[in-house]
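So the chains spell out like this:
There are 2 protein chains.
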Amino acid sequence: MALKAFVEVKPDSHFSIHNLPYGVFKHVGGAITTPRPGVAIGDYVLDLSSIHSAGLFDGPLISNSDCFHQPNLNKFLELGRPAWKEARATLQKLLSSAEPALQNNASLRQKALLPMDEVEMLLPIAIGDYTDFFSSLHHAKNCGTIFRGPENPVNPNWFHLPIAYHGRASSIVISGTDIIRPRGQGHPSANSPPYFGPSRKLDFELEMAAVVGPGNELGKPIDVNEAADHIFGAVLMNDWSARDIQAWEYVPLGPFLGKSFGTTISPWIVTLDALEQFACDAPNQIHLPLPYLAEKVSKNYDISLEVRIKPAGQEESFTVTRSNFKHLYWTLTQQLAHHTVNGCNLRPGDLLGTGTISGPEPDSYGCLLELTWNGTKELSLGKTTRKFLEDGDEVIISGCCKGNGYNVGFGTCSGKIIPSLP
Amino acid sequence: MALKAFVEVKPDSHFSIHNLPYGVFKHVGGAITTPRPGVAIGDYVLDLSSIHSAGLFDGPLISNSDCFHQPNLNKFLELGRPAWKEARATLQKLLSSAEPALQNNASLRQKALLPMDEVEMLLPIAIGDYTDFFSSLHHAKNCGTIFRGPENPVNPNWFHLPIAYHGRASSIVISGTDIIRPRGQGHPSANSPPYFGPSRKLDFELEMAAVVGPGNELGKPIDVNEAADHIFGAVLMNDWSARDIQAWEYVPLGPFLGKSFGTTISPWIVTLDALEQFACDAPNQIHLPLPYLAEKVSKNYDISLEVRIKPAGQEESFTVTRSNFKHLYWTLTQQLAHHTVNGCNLRPGDLLGTGTISGPEPDSYGCLLELTWNGTKELSLGKTTRKFLEDGDEVIISGCCKGNGYNVGFGTCSGKIIPSLP
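Those protein sequence lines, which keep their order, are chains E and V.
Read the first sequence against this note's numbering and you will find it ends at 422, with the numbers running on by one and no gaps.
Read the second sequence against this note's numbering and you will find it ends at 422, with the numbers running on by one and no gaps.
Among these hints, one or two may not hold up.
Which copy is meant is left open, because identical chains are indistinguishable; a pair holds if it fits in one copy or across any two.
Stated by the list, open to error - Below are the BS3-like pairs computed for lysine-lysine, each with C-alpha atoms no more than 30 Å apart in a straight line: (1) Lys387 - Lys220; (2) Lys296 - Lys85; (3) Lys26 - Lys220; (4) Lys220 - Lys402; (5) Lys141 - Lys93; (6) Lys75 - Lys26; (7) Lys220 - Lys416.
Note that these hints are calculated values from the structure, not bench results.
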């Protein structure tokens, strides 16, 4: 018999009982207003602290932990996959139409099942370090072609290791947070001095990010075949980028102020356990990876991704790209194994961004740099056009896996550009 | 009358009453073994939690704060310069030979003044984000010459902005922690495939790092002329670098695994207030900086820096370089103002590394890459020589300002290389 929730889940909802993504919320105007972990189900958020206090987590790992009475998910992430699986099994049972414990307990339901429009979603994790990879070959090729021409668009190292840089953790914000247009230096041509001012080439980047679970001690790498046990789940991410600032600053030490003004993530972390049924083969790799990156199973996930822009002053939003997580060349597990192979330690709640997820076709490119070919052509958005983002533009990323009669989705990850400081 | 401590301070001690650097320690085998803030004086550590509990912090800002009953200094850093000045004034008075309150209280002295060899020093701050700059022109010139030749060794952007990259916060360790030789990919020549194994070009980097105080909200830059109020003090730093891993991975997104296996800092944070009397003019900048980087007073500090190597199997250590903080081209305040000009938020305890501090002369270069010119010549260390670091080598950085009859020093920042994993 198909698993069915006793809570109404509309057919287009991202939050079926097969999903149960984790987030952290505040119940605006509720009895308890401190941040607490919850899972999404239909149009509701289930308050995990209430469920735990009511004694309904009956498995040994969760019942003895205070991880759901914390203001973030880090303690839960630290517990590792056995605890994650236990919590998921408990929650799927409690929310199923066949199970009376929560369904028939009106006072607990009232307390623990909160309408989504009554809660405010917060950053679900305290992020110690944030790393951003560069794992889409299509994105690497397009950027290389734009900046260096079509002969050798991708550097030789790219095919041998998942290239990455350290990102800025402090400026990661939750979906819905306005993004102030950054100011910085740009350099229009070789013969002119740099200028200073609001970025003239503000862009989004369609990404996803893995959320690290237990992590590792300094000096103890994680084997690529055990890396999945260190990934709790994934979020949508918009790695906002000021292309003019980035272009001038990035040689030789990489992106800095062109990125660090803000990075938006979705409030819901979809677990790897929920994504498992949407696993698919990763693309064949052109060079045989070195043994430490050669995994027994090389897995991607079939997650449809879409970016819409709601231009300033318009009510309508327009889809500007449709991509898919499955296009990534380097898998999440390869990224994580590579990250630790030098001994670097990962901590619970660390974020590993995939880099821009571009697909092979022009309408699947993951940022305006590619979609407008660095501003050389315009993107049509209803009555207006864009080369880069303008003040008032809102960018909305969504991601969803289609099951048989249900969705396992990420909701949205959005942000609106507001004008630069004077 | 000259300020003099009632505690004995030997003439060569770094920790005179003019210094009073802050750290966090555990009293090994003491009554209280939890981490607590302390200041160094002579061969002693003064336990600030005991002084606070005894009511001897009589200024309004510190007496009403629990900042010295924390396991790190972050809460103290958040209070800002008025509180830092108040604490410094109180401590200089309490420790002076003219003041009886602590000097004549034998039981408090017994409890609060702990011999340095009885305590274990810990990371003094919880580091949210760590940024590493590239602020020495001599270092930039040498690296550029080594890798790209002597024509245009320094990229044009370098002269217009303090170049930096985000570093890895999780792998910052306290002085004395062993460093495991990292494994990773290297690429000896264009026609060969990459290899994987222990780094063959392990290096130190002589750096210092500023410790951020109150910081700023996302979207609210800090003016360069107010930046000093956001810098609590500085530490010595060794930004260990695997040159072979770095050389292969760093295009186009910058250093990653070549650095993230470990970064060592000294336990003692010397405050900007203690350094003030050693302030000196920063070098003239070749291009007039853009207005947001043009500061009214452009200040460096005259801090003598030295690196010694104690080679594996030898009892003696050998000085390999003598440099000085005053050689930096971009000042700490310019670094900080640049970091926030795009709106990026800094948080208390963030670390801003200076980058390798090389001086103009070959015996003042700040890393082996420069000292051995990328391994093309050997450095003599007593009975042995080095091109890069070998297992068992210990690297000891020290830094000190010479006052009139006293020192304001940083102590040492050391680490020993231990063999790679099998």
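Item to check | Numbers of the earlier hints that this structure fails to satisfy, in rising order | outcome: When the structure is compared with the hints, numbers 4, 5 turn out to be violated.
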